[in-house]
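Undergrad: Here is what each chain is made of, one letter per residue.
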Amino acid sequence: MRRIWAVAVKDLRQAARDPFSLLMLLGIPTFMLLLYGYALNFDVRHVRLAVQDLSHSAASRDLVASFLNSTHFDLAAALPAGADLETLTERRQAKAILVIPESFSGDLEAGRRAVVQLILDGTDAGTASTVLGYASALADRFNASLAPGLAGTEPREPLVDYRPRVWFNPELESTQFIVPGLIGFILMLTAVLSTALSVVREKERGTMEQLLVTSLRPGELIAGKMLPYLAISLAATAVILAAARLLFDVVVKGPYLHLFLVVLVYLIGALGLGLLVSSVSHSQSMAFQVGALISMLPAIFLSGFIFPIRSMPAALQAVTYLVPARYFLVIVRGIILKGAGIAPYWPDMLFLVANAALMMGLAWARLTRREA
Amino acid sequence: MGPAIRIQGLTRRFGSFTAVDDVSFEVQPGEVFGLLGSNGAGKSTVIRMLCGLMRPTAGEARVLGVDVAARPEEVKRGLGYMTQRFSLYEDLTVRQNLTFFGGVYGLRGPALRERAGWAVAMAGLEGREDALARGLPGGWRQRLALACSVLHRPRLLLLDEPTGGVDPISRRRFWELIERMAAEGVTILVTTHSLDEAEHCGRIALMHAGRVVALGSVAELKEVFAGRAVLEVSCPRWLEAMRRLETLEGVGEVSPFGDRLHVVVADPGRARGRIEAALAASGNVPMAIERIVPSLEDVFIHYVETAGGRGGET
Chain E
1 MRRIWAVAVK DLRQAARDPF SLLMLLGIPT FMLLLYGYAL NFDVRHVRLA
51 VQDLSHSAAS RDLVASFLNS THFDLAAALP AGADLETLTE RRQAKAILVI
101 PESFSGDLEA GRRAVVQLIL DGTDAGTAST VLGYASALAD RFNASLAPGL
151 AGTEPREPLV DYRPRVWFNP ELESTQFIVP GLIGFILMLT AVLSTALSVV
201 REKERGTMEQ LLVTSLRPGE LIAGKMLPYL AISLAATAVI LAAARLLFDV
251 VVKGPYLHLF LVVLVYLIGA LGLGLLVSSV SHSQSMAFQV GALISMLPAI
301 FLSGFIFPIR SMPAALQAVT YLVPARYFLV IVRGIILKGA GIAPYWPDML
351 FLVANAALMM GLAWARLTRR EA
Chain W
1 MGPAIRIQGL TRRFGSFTAV DDVSFEVQPG EVFGLLGSNG AGKSTVIRML
51 CGLMRPTAGE ARVLGVDVAA RPEEVKRGLG YMTQRFSLYE DLTVRQNLTF
101 FGGVYGLRGP ALRERAGWAV AMAGLEGRED ALARGLPGGW RQRLALACSV
151 LHRPRLLLLD EPTGGVDPIS RRRFWELIER MAAEGVTILV TTHSLDEAEH
201 CGRIALMHAG RVVALGSVAE LKEVFAGRAV LEVSCPRWLE AMRRLETLEG
251 VGEVSPFGDR LHVVVADPGR ARGRIEAALA ASGNVPMAIE RIVPSLEDVF
301 IHYVETAGGR GGET
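Sequences listed follow chains E and W, in order. Heads up: the first sequence at position 122 corresponds to 122 in the working numbering, and the numbers run straight through without jumps. Heads up: the second sequence at position 236 corresponds to 236 in the working numbering, and the numbers run straight through without jumps.
By construction, these hints were calculated from the structure, which means they are not laboratory data. Check the hints yourself; a few may be wrong.
[Claimed, not checked] Derived contacts from chain E toward chain W, CB cut-off under 7 Å, selection only: (1) Arg3; (2) Arg13; (3) Ala15; (4) Thr30; (5) Asn143; (6) Ser145; (7) Arg201; (8) Lys203; (9) Gly206; (10) Ser215; (11) Leu216.
[To be verified] Some residues of chain E that are not near chain W, with every Cβ distance over 10 Å (derived): (12) Val9; (13) Leu212; (14) Gly361.
Where is the CB? At the ideal position from N, CA and C, for every residue including glycine.
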């Protein structure tokens with residue numbers, strides 16, 4: 001135990017001596033939160049909307065007004081019948097075109113299902129799906145507003161029918177959604193890099209050899225290396241949560257203890273991965289590249305942080321099952337946004353525990369295996 | 001009590017390259033034993049096998065009576081190790097380095113403070129306890145490294161090229177420390193390619209191309225020249241002279257020393273005349289031919305050449 005402590009204190013002192021690494025571990029998470037929080041804003045406002053109202057009725061004007069009264073759409077053009085819709089989007093004069101057919105008000109009055117068409121410029125798929133979500137919500141609201149006027153009719157299908165493929169809640173501020181993903185990504189990156197670099201630095205400088213000749217056991221070395229970075233990473237988590245609360249009003253709704261447990265288990269896996277990276281790297285630059293690659297890319301792209309897993313190709317979806325950040329994200333979103341505990345997410349938690357055990361086991365096996 | 005180190009048939013191969021080839025020797029407790037050889041002769045590989053960093057391909061190494069390959073952890077407890085590379089934490093202070101290595105060896109509290117204080121005094125680092133190791137001059141860092149490696153009072157100290165890149169005064173001071181420790185009963189195995197340093201060792205093993213080509217005290221090794229003498233020849237064109245003398249009758253090894261030649265001969269009186277005549281015949285009249293006391297370098301060259309066949313790197 002005192003040997004573990006000696007290693008931990010030494011690594012902490014080295015980290016403190018190196019302002020750059022401390023900055024990297026504590027400052028970069030906040031910086032990234034700012035960057036992603038403001039730049040990765042999925043909310044879309046002031047979409048240029050062209051309207052082709054062939055119905056010219058009170059109902060159609062109401063529908064158009066409900067679109068324009070939201071902050072999401074601005075009227076770009078009112079199109080006459082027979083207008084060239086394609087050129088309009090090609091010239092980027094409108095991002096979306098709402099087409100209301102002649103039969104719209106007649107259908108509504110007759111209690112039939114009224115169909116309107118929304119044409120979206122899909123070149124920016126992300127924006128398009130968000131806009132689709134807004135439109136769907138507006139249509140729902142419009143349906144609701146029609147209901148009292150048609151009282152007496154029995155429960156029926158909505159009169160204005162949208163079947164959007166992507167469901168999106170217009171109240172959702174995307175920063176709320178981003179923070180958990182950001183924690184997952186930043187912790188993975190900093191934990192993997194800091195341990196990998198600290199071990200490889202010892203290899204490069206020859207101090208590792210010195211340690212191996214002492215009576216320090218591999219387990220003690222691993223534990224001693226992990227403790228300080230575990231502490232620093234937990235501090236980084238606290239910094240992110242505090243910044244998220246101050247800047248984006250993201251409040252942790254669930255129990256902090258559960259959040260702490262999830263973060264802890266996730267971190268142990270990440271630190272183990274860092275040790276593994278160090279065992280295959282011969283230089284700090286190599287460790288940095290390997291570490292950044294295998295920690296950052298999956299945590300960003302395959303975790304559901306930025307791209308929804310369900311919209312990935314099947315093969316890629318299969319790969320995401322191997323990415324710890326995926327499970328971490330599910331649990332942490334549950335805890336932070338929904339106010340849930342770990343309990344409903346026990347299969348995800350189980351995976352994280354298994355991952356942590358596997359990583360530590362592999363790291364231990366690699367480090368105890370001396371040159372044959 | 002048996003030998004501190006006992007090596008038998010120790011061999012280490014890297015693929016088809018044999019770095020250490022069937023090496024055997026024993027080192028007695030309290031002895032200062034030198035492994036002498038050029039770079040790539042296999043000295044460091046022997047040390048790395050002795051401290052359990054590397055497994056032998058064949059043969060056995062017993063340190064303090066324990067088989068290193070079988071129970072490396074037990075060996076490590078009684079061992080101090082210091083390499084040519086400065087193996088301290090340069091971004092920690094003198095005191096932090098000592099605290100760390102002491103902690104790693106399981107020392108703490110008063111015991112740690114006592115040993116750290118002793119180490120600071122031994123290394124002559126008083127007043128520098130809070131200086132970063134990085135900022136210390138080479139000789140000081142080296143003494144700190146030595147101090148760190150003996151905090152746990154090892155009975156055996158393995159030093160791999162400990163004085164590389166250090167000024168002569170620091171080097172002398174370092175050897176004083178080594179000799180003091182040996183006097184206290186610590187066994188010391190040191191590798192060096194410096195022949196001057198080998199003179200500090202009680203016994204030395206000369207290594208060449210992975211093999212021990214000679215073993216004994218410096219005086220014993222020099223006895224190979226018993227009954228023979230070494231002549232130092234200075235002449236205008238030494239390379240030409242070397243080729244000529246190598247074929248001359250009654251002349252043993254010829255080796256260049258700077259712009260002079262060392263020539264091993266059985267009968268210095270007669271050889272002198274012969275050499276003079278042979279060189280004069282080709283217009284390469286020697287300026288001087290002197291009989292000299294053979295140095296360890298002569299001994300080394302003699303053994304390497306007679307070991308023959310396999311060339312070292314240098």
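Undergrad: Does each hint fit the structure? Answer for all of them.
TA: Here's how the hints hold up against the structure:
The interface hint given for Arg3/E holds, since its Cβ lies 6 Å from the closest Cβ of chain W, which is under the 7 Å cut-off. A cut of 7 Å between beta carbons decides the hint on Arg13/E: the least distance to chain W is about 6 Å, and the hint holds. Interface restraint check: Ala15/E against chain W, minimum CB-CB distance 10 Å, threshold 7 Å, status violated. Violation of the interface hint for Thr30/E is found here, the shortest Cβ-Cβ separation to chain W being roughly 25 Å, above the 7 Å cut-off.
Of the supplied interface hints, the one on Asn143/E is violated, with its beta-carbon coming no nearer than about 67 Å to a beta-carbon of chain W, more than 7 Å. With a least beta-carbon distance of about 68 Å to chain W, the hint placing Ser145/E at the interface is violated under the 7 Å criterion. For Arg201/E, the suggested interface contact is broken, since its CB lies about 9 Å from the closest CB of chain W, more than 7 Å. Interface restraint check for Lys203/E: the shortest CB-CB distance to chain W comes to about 12 Å, outside 7 Å, so the restraint is violated.
Taking 7 Å as the C-beta contact cut-off toward chain W, the hint placing Gly206/E at the interface holds, the least distance being around 4 Å. Given the 7 Å rule on beta carbons, the hint for Ser215/E holds: about 5 Å separates it from the nearest Cβ of chain W. Hint status for Leu216/E: holds, given a least beta-carbon distance of 5 Å to chain W, under 7 Å. Not every Cβ of chain W is farther than 10 Å from the Cβ of Val9/E; the closest lies at roughly 7 Å, contradicting the non-interface assignment.
Taking the minimum C-beta to C-beta distance to chain W, about 6 Å, the non-interface status of Leu212/E is violated against the 10 Å cut. For Gly361/E, the shortest C-beta to C-beta distance to chain W comes to about 21 Å, beyond the 10 Å cut-off, and the non-interface label holds.
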